[in-house]
Amino acid sequence: GRHQSDRNINSRPCEILCGKSFQRQKWRDICVGDIVRLRKDSFVPADMLLLCSSEPSSLCYVETADIDGETNLKFRQALLVTHQELGSEESMAAFDGGVTCEEPNSRMHSFTGTLEWRGETHSLDSERILLRGCRIRNTDLCHGLVIYAGFDSKIMRNCGKIKRKKTKLDRMMDRLVVVIFLLLLVTSLCLAVASGFWARRFQEKHSYLAAVYRNTSPAQQAFFNFWGFTILLSVIIPMSMYITLEFIYLVNSFFINWDLGMYYAVKDIPAKARSTSLNDQLGQIEYIFSDKTGTLTQNIMSFKKCCVNGTIYALLCHVPCAPSAPSPCPCLSQGSAWDHHGEQKVDVMLLEAAQRDSDPVLREFLRLLALCHTVMVEERGDQLVYQAASPDEEALVLAARSLGYVFLARTQDTITIRELGRTRTYQVLAMLDFNSDRKRMSVLVRDPQGSIRLYTKGADTVILQRLRRRGPSEAFTERALDLFAEETLRTLCLASKEVSEAEYQEWGRRHHEASVLLQDRAQELDRLYEEMEQNLQLLGATAIEDKLQDGVPETIQLLKLGNIKVWVLTGDKQETATNIGYACKLLTDDTEILEEKEISSAPTPPSSPSEILQAYWASNNNLSGSGGAPGSSPPSQQCPEASCHRKRAIIVSGDFLDKILHTGEVLKEKKGWLWRWLPRGSTVGSQEQGSLVEKAFVDLATSCQAVICCRVTPKQKALIVQLVKKHKQAVTLAIGDGANDVNMIKTADIGVGISGLEGLQAVQCSDYALAQFSHLQRLLLVHGRWAYLRICKFLRFFFYKTFAGLMAQVWFAFHSGFTAQPLFEGWFLALYNIFYTSYPVLSVGLLEQDVSAKKSLEFPELYVTGQQDQLFNYRIFGVTLLHGVGTSLTSFYIARWAFEDHVGSKAVGDYESFSVTVAVSALLSVLVEIILDTKFWTVLSFLMVTASLLFFCLFSFLTQSADAFRIAPAIFCFPDASRNALTDPYVLLVVLLSLVVNTIPSLTVHAFRATTGKTTIQQKIHLKAKKEPEPSVELKAHVPRGSFCRRSSYAFSHQEGYAGLITRGDSLRARAT
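In the UniProt record's numbering, the protein residues as written are 1 to 1073.
Certain hints may be false.
[To be verified] With beta-carbon atoms standing in for the labels, derived distance ranges:
(1) 939 with 830: 26 to 34 Å
(2) 150 with 258: 32 to 40 Å
(3) 942 with 992: 17 to 25 Å
(4) 515 with 20: 36 to 44 Å
(5) 889 with 257: 22 to 30 Å
(6) 655 with 427: 38 to 46 Å
(7) 889 with 239: 20 to 28 Å
(8) 175 with 103: 48 to 56 Å
(9) 56 with 451: 26 to 34 Å
(10) 381 with 19: 35 to 43 Å
(11) 448 with 265: 45 to 53 Å
(12) 216 with 246: 37 to 45 Å
(13) 19 with 239: 21 to 29 Å
[What the hints assert, rightly or not] Below, in silico cross-link-like pairs of lysine-lysine (DSS-like), each with a Cα-Cα straight-line distance of 30 Å or less:
(14) 439 with 74
(15) 746 with 695
(16) 165 with 565
(17) 726 with 565
(18) 163 with 565
(19) 854 with 565
(20) 647 with 854
(21) 560 with 168
(22) 715 with 272
(23) 715 with 74
(24) 272 with 565
(25) 726 with 168
(26) 728 with 565
I should point out that these hints are in silico values taken from the structure, not numbers from a laboratory.
What you are looking at is a predicted structure, and each value in this text was computed from that prediction instead of being measured.
Backbone N, C-alpha and C fix where the C-beta goes; we use that ideal spot for every residue, glycine too.
Sequences and hints are given; from them, build the entire structure.
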């Protein structure tokens, strides 16, 4: 899959300047120094210096979904000199500038370099660079000079190398093969030593052996026999097992690809197993690390509800309440929706109120939605297409349009909108830009009548404290915000104020002076913004829904029942992540939330990780009654189950993670439980103490039912996964849809990519590709559990049949003078693992099921088997080895004892017949054992067992025929052996006796397991049926009173700088109004 993806990417077309014209070539032909032409909606093939574009001032708008997972637009701008001078193909062909830049590196957001051209030196930074993987948007043409290409590009440097992932069973198999090889050497050595002693003892007593040992001493004979036994017993080394395993992995991967239950018909995307050697590990996952945006959610923002002037508007539900009412009406479960990805749905009462135009507050509310934003508009025929830097802003502008306030066009100093059919152009006096500290943006406009007004939108925490007054309407809006937060909606507060001409002139003068400062410009502008954004009048609040993907809550519930812990790692802010946690049922009403500020015993935010872990451990000690005296054992050792009886979740930020994992903080503080627990001997250095700090944090997090990490970087996502793997030795799975999830996907044992809106980078680096998060339940609980079951049974049967059939060679050595004489015919040894026993074992590895797919999803508790390595481990391998050895012993010695007294003119007592008897006994015992342990029978399973017997009969007839013996007696040295032996009733009775003796223990064990197993399952089903029926998982989640946080839509907002860009007139061409 990865090779095919590489070929597809390298074969993408591009236009490269050759001579004086551009020629169509492929990405693989691009070299450093080439000038490349890019068109709208094309991907950037290399890291390039933007030379010019078709936009004003050579602006270029790019989408960086494949780099940072963000779907909002970003801008890049060429140098003024290249914009002015490189306007034609002839001038580009004559371009002879030189770029001096830093060495290739993985820093995505920084670049340092210079352009030397025509005797002048121009500085370059990241704002001039188009990175590989970006997509050109809203720009018809642009040209770039290639600086880094191929593996030197930043995105390739940042991705790193893909390491081959190995499953737990793979690693165990590697060790077991070494054990088997050592067992082979030890057995051969012991037999060789025995052959030396035997030769010394019997060589002189038996004259017929003189010829054999005439020219060799006992030591030499032992040396030769050692290699003889090594060659003879080498068939027990499972070389063919690896080939068969690869075939089983491949077919099981096809089963995943063909599963219609994981096919997303809406976008025609099936599940795809991009790796074919990790299927069994899908049945052993203990921790899932999931991205949020685009993975748990659809990354589609919908205008859901709003509160204006004491009224909450929702679909088919109009809730008028007096401002003085103590609480809003509860009829809010039916949400309004305006989804630009689907059908327009608007509250009829809201639409009628907007069209009446009788409420001045509602009028200003809708006008603000149409004016206060950084959305760009593009005309496509008779349609207006909006391009927003934030999906929230696009949803708000589209909602305003559906209510009659249509954003039409913007220039560098005007915004044109249509208000209920009347076109009005507003002069933009200033755009007060958004940033993460301000959590708001404002626009200062002059309306056609000449009045000046400030429109502001932002987080409720910053807007409400800047209001002119707090009356009943404001109090009602706050209660509405609480209700919106309970429904996990993303909220914004909207406010405005009228500005006098004199106030504007004075403020505008100082604003212009601050905007041209060379030092402290940002601080001075922030101070002026703060001054202007005071004494606001609240207009209302909006509620936007970031829709969950279908089936996410149900899937998380099933995974939790399967003892799989889900961690959410997101770059969004805490409020957003927390409320999505409630929406998807990762957090529930009875979950105790441990936040950074709450788990510290200090009244102020924790200054060191030791304080946090001290509080956590003290809480565990109090629960267990240990008292927590200094010097006592760490709580993790005292009571590992102390916190398991309570539902807990931990919510931390990326900054907090940096602090908690910074060893220096802990060692500097020298206080708290963590410091007391750390060993202070001279042999323990800072590295070991740092490892203990990491382990303490991992113990804290893994003791919780859920973990949410917000504001984390891609590197931190990978670090969290690595820490859990390091300290818990757990099997991890990471799932994401953006390029910012690539490191996490590569670090985890299993990486799953979602084919979403954030590009294909995650899919291309993943082991499995899905279209929806909900498909994870079938991937793990059905295919993963089946694959683990099949591989484990295959391994057990393979080792069993190998030792059961071929260890008889060792027992024969005790009766052949330890001379490395083979017991079996050479053809039997060669074909035993290939034809005689491979097909039944292969059918188990391909088709075995203990329960159906439906039952696997109905009882996710069955998944625990794989997590605990119950089906194949070192103990089971030892038992299997002993079982195989026991079968070989029984088959050999029953035949030997039977042949001791079997004499007579018609009796079969020769060496060849004895060999056939032992071989048939062992073969039938192996086949019966497989038949007894196979739970799921198909026509193919029956045919494979039958084929094994038919192949044995066919090849025995061919290799033991008299004609073959006459042609090559040295090769076909068992003429008619099977026919002579198996036509003798005595031999058949011996085979039957061996079969019965070998089968009785297995039948007893299987009967016992079947009986106890059925009872256990019946008890589980009975207890589950006795419980009251649980309600189905609802998509609507309620946050416990007092524990929720309102969340601002600015969690996804655009980068700082758009406002200045727009007011410079660089955003779009001026459009006629």
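Each hint, compared with the structure:
Distance hint check for residue 939 and residue 830: the Cβ-Cβ separation is about 29 Å, which falls inside the suggested range of 26 to 34 Å. Checking the proposed 32 to 40 Å range against residue 150 and residue 258 shows it holds: the Cβ atoms sit about 36 Å from each other. The hint said 17 to 25 Å for the Cβ distance between residue 942 and residue 992, and at roughly 22 Å that hint holds. With their beta carbons about 43 Å apart, residue 515 and residue 20 fall inside the hinted range of 36 to 44 Å.
Distance hint check for residue 889 and residue 257: the Cβ-Cβ separation is about 45 Å, which falls outside the suggested range of 22 to 30 Å. Between residue 655 and residue 427, the C-beta spacing of about 42 Å keeps the proposed range 38 to 46 Å intact. Take residue 889 and residue 239: their Cβ atoms lie about 25 Å apart, and the range 20 to 28 Å holds. The hinted window of 48 to 56 Å between residue 175 and residue 103 is violated, with their beta carbons roughly 42 Å apart.
At about 30 Å, the beta-carbon gap between residue 56 and residue 451 stays in the expected band of 26 to 34 Å. About 38 Å separates the C-beta atoms of residue 381 and residue 19, a value consistent with the hinted range of 35 to 43 Å. Evaluation of the 45 to 53 Å hint for residue 448 and residue 265 yields a pass: the beta carbon distance comes to about 51 Å. The hint said 37 to 45 Å for the Cβ distance between residue 216 and residue 246, and at roughly 44 Å that hint holds.
Evaluation of the 21 to 29 Å hint for residue 19 and residue 239 yields a failure: the beta carbon distance comes to about 58 Å. For the given pair, residue 439 sits about 19 Å from residue 74 by alpha-carbon distance, which is consistent with the 30 Å threshold. Note on residue 746 and residue 695: the hinted pairing holds, with a Cα-Cα distance of about 22 Å set against a maximum of 30 Å. Using a Cα cut-off of 30 Å, the hinted pair residue 165 and residue 565 holds, with the two alpha carbons roughly 22 Å apart.
Distance restraint check for residue 726 and residue 565: the Cα-Cα separation of roughly 17 Å lies within the 30 Å cut-off, and the hinted pair is therefore satisfied. For the given pair, residue 163 sits about 25 Å from residue 565 by alpha-carbon distance, which is consistent with the 30 Å threshold. Pair hint residue 854 plus residue 565 holds up; C-alpha atoms about 22 Å apart against a cutoff of 30 Å. Simply put, residue 647 and residue 854 have alpha-carbon atoms about 29 Å apart, close enough for the 30 Å limit, and the pair holds.
As the CA atoms of residue 560 and residue 168 are separated by approximately 22 Å, the hinted pair is consistent with the 30 Å bound. With a C-alpha separation of about 26 Å, the suggested pair residue 715 and residue 272 falls inside the 30 Å cut-off, and the hint holds. Among the hinted pairs, residue 715 with residue 74 is consistent with the structure: their alpha-carbon atoms are about 22 Å apart, no more than 30 Å. Only pairs whose Cα atoms come within 30 Å are accepted, and residue 272 paired with residue 565 is accepted, the gap being roughly 24 Å.
A threshold of 30 Å between alpha carbons decides the hint, and for residue 726 with residue 168 the separation of about 14 Å falls inside it, so the pair holds. Restraint check for residue 728 and residue 565: satisfied, since their Cα atoms lie roughly 13 Å apart, inside the 30 Å limit.
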